[in-house]
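Asker: Below are the chains, spelled out letter by letter.
There are 2 protein chains.
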Amino acid sequence: MGGDHPPETIACELANSLDGEAVLFASKKICDGVSIECKVCPETIEMDDDPLVAIRKKRQSSMIQGVEALRSGEIDAFITLGNTGALIGSTKISLGMIQGWSRPALLTLIPSATGQLAVLDVGASVDPSPQRYLELVEMGTMFLKKQGVTHPRIGLLNIGVEESKGRDEMRQARKQLSKLNNFVGNIESMDVFRGKVDLLLTDGFTGNIFIKTSEGLATFLLDLFSKHIKLETDTVIKNINSHLTNNHYSGAILLGINGLVLKCHGSAGSHEILRTIEWARKLNA
Amino acid sequence: MGGDHPPETIACELANSLDGEAVLFASKKICDGVSIECKVCPETIEMDDDPLVAIRKKRQSSMIQGVEALRSGEIDAFITLGNTGALIGSTKISLGMIQGWSRPALLTLIPSATGQLAVLDVGASVDPSPQRYLELVEMGTMFLKKQGVTHPRIGLLNIGVEESKGRDEMRQARKQLSKLNNFVGNIESMDVFRGKVDLLLTDGFTGNIFIKTSEGLATFLLDLFSKHIKLETDTVIKNINSHLTNNHYSGAILLGINGLVLKCHGSAGSHEILRTIEWARKLNA
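Which chain is which? The protein sequence lines are A and B, in order. So the first sequence is numbered by the numbering used here: it starts at 1 and just counts up by one. So the second sequence is numbered by the numbering used here: it starts at 1001 and just counts up by one.
Treat the hints as calculated values from the structure; they're not laboratory data. Warning: the hint list may mix true and false statements.
Stated by the list, open to error - Heads up, simulated DSS-like pairs for lysine-lysine below, C-alpha to C-alpha not over 30 Å straight-line: (1) Lys227(A) to Lys1238(B); (2) Lys1227(B) to Lys238(A); (3) Lys1282(B) to Lys238(A).
To be verified - Chain B stretches covered by chain A per the calculated footprint, using a threshold of three residues with CB under 8 Å from any CB of chain A: (4) 1065-1076; (5) 1171-1182; (6) 1271-1284.
As the list claims (entries may be wrong) - Simulated restraints, written as ranges between beta carbons of each label pair: (7) Asp1048(B) to Gly195(A): 51 to 57 Å; (8) His228(A) to Glu1008(B): 45 to 51 Å; (9) His228(A) to Lys1145(B): 44 to 50 Å.
A quick note: this is a predicted structure, and the numbers were derived from the prediction, not measured. Here a beta-carbon is modelled for each residue, glycine too, at the ideal position from N, C-alpha and C.
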């Protein structure tokens, strides 16, 4: 629930691809229409609901019910397309933070010339304090360690490499980060895809702009290629898509909380959601 | 001067392509090495110089000399790769603002599925006030009118379409903008390339992240395509590059001042600078 596409269609497509391994949290109408296990959630958190009010008052919404099911161990991972603010609030309260961290953060993986890199935060805190960046480093480092990246190169997304660049918060953040020996400095967004860092730090607003710009432009360029390319070279598109897809899951993982929670874009279709389920499975293995 | 590449190489490449139609403002060493007209500028504004101090103290720098030459009518357009802050300050003081506007803004054109659109601001003001967005609308509208776009559809770059999304400044800006009948609302960065708007408004920090993300990703994807594509399909790459190139000049125009000033990225090579010169010529025609 909470995405841009009709949930009926998505639920139906997901039900066809998932076999007894998923529980859907949805409205009665949707639960009635699908063949897989479904928990009826009569309340709905809207995208413009105040997150804190919503998580207190809409206990029967799909988001709160899903987070509660994760807490009770009924499910191993929770995936949602809903209101990010409500997700942050409800996971923080119900699941609890690990390591004494202040607030969850959203991490996503993107492809680069040398493989992939993690971008953190892509939407959880729009105005982080300079100290928050040190928390992001800890969260990101812990995540990457589990992926086998033991000494991540860390960069700060900014509009120039010089110390003086960006908003005051960025300059303060850079000062904090420069104490770390694996901090490589400011990274301009045009250099991100060159693969100079393993962990790119950014505030949630800028990270969200960055990631959605990338996805919008990639779609635009791949469409442009498809138009110009002849049928016999379709394998080119397939190879490229496979390089991009192998290094990118289109969802984001919510770090810092006790439990595996992934957030898909509101615009995600069933293909993107299935990819996110695949990622969740891999992370849970 | 002030770019990432050695200015000697760039100056030499530019001199080979420009014939008696350009004046170079550069250090003595570079002026000695090129065959085109060159004004020796013994001082250098560094990227981390304080812009206001630099424009007061470094009157013999290439930037100040170039802006002065534009003011005196010696040149028709000034193109620079240097310190953006110093450029804003010196053009505002020397050339003066038009229409009583408060500060120059940087506009660039990007390709979209339906043609092209203007992005404003891509780096002049990192923290604009909500009222500043109305100035940006006026500046952008005046620019687009000259390009034949008489009723531009205007959008605000944000992390969601809902009124509540983004930083407080964005919500205030949206409130100001919603009084305009051609304001279509918030635009998420993934939707920008669909061509829903003619003028995309953003603060200079976010705009810079947006534009450099686009360029970085486009380069990455085009490289990926080139690797996978066979020689006989090189025309595909050429067609696509031509679609992108026809709708994009890689530089940005400084709006709001009395005079034609264009800013190239610090990372621009001679190819990008020549494209910007081409754009300046078109704008001056």
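Asker: Determine for every hint whether it applies to the structure shown.
Answerer: Against the structure, the hints come out as follows:
no.	hint	in the structure
1	Lys227(A) to Lys1238(B)	holds (13 Å)
2	Lys1227(B) to Lys238(A)	holds (13 Å)
3	Lys1282(B) to Lys238(A)	violated (40 Å)
4	1065-1076	violated (count 0)
5	1171-1182	violated (count 0)
6	1271-1284	violated (count 0)
7	Asp1048(B) to Gly195(A): 51 to 57 Å	violated (26 Å)
8	His228(A) to Glu1008(B): 45 to 51 Å	violated (38 Å)
9	His228(A) to Lys1145(B): 44 to 50 Å	violated (33 Å)
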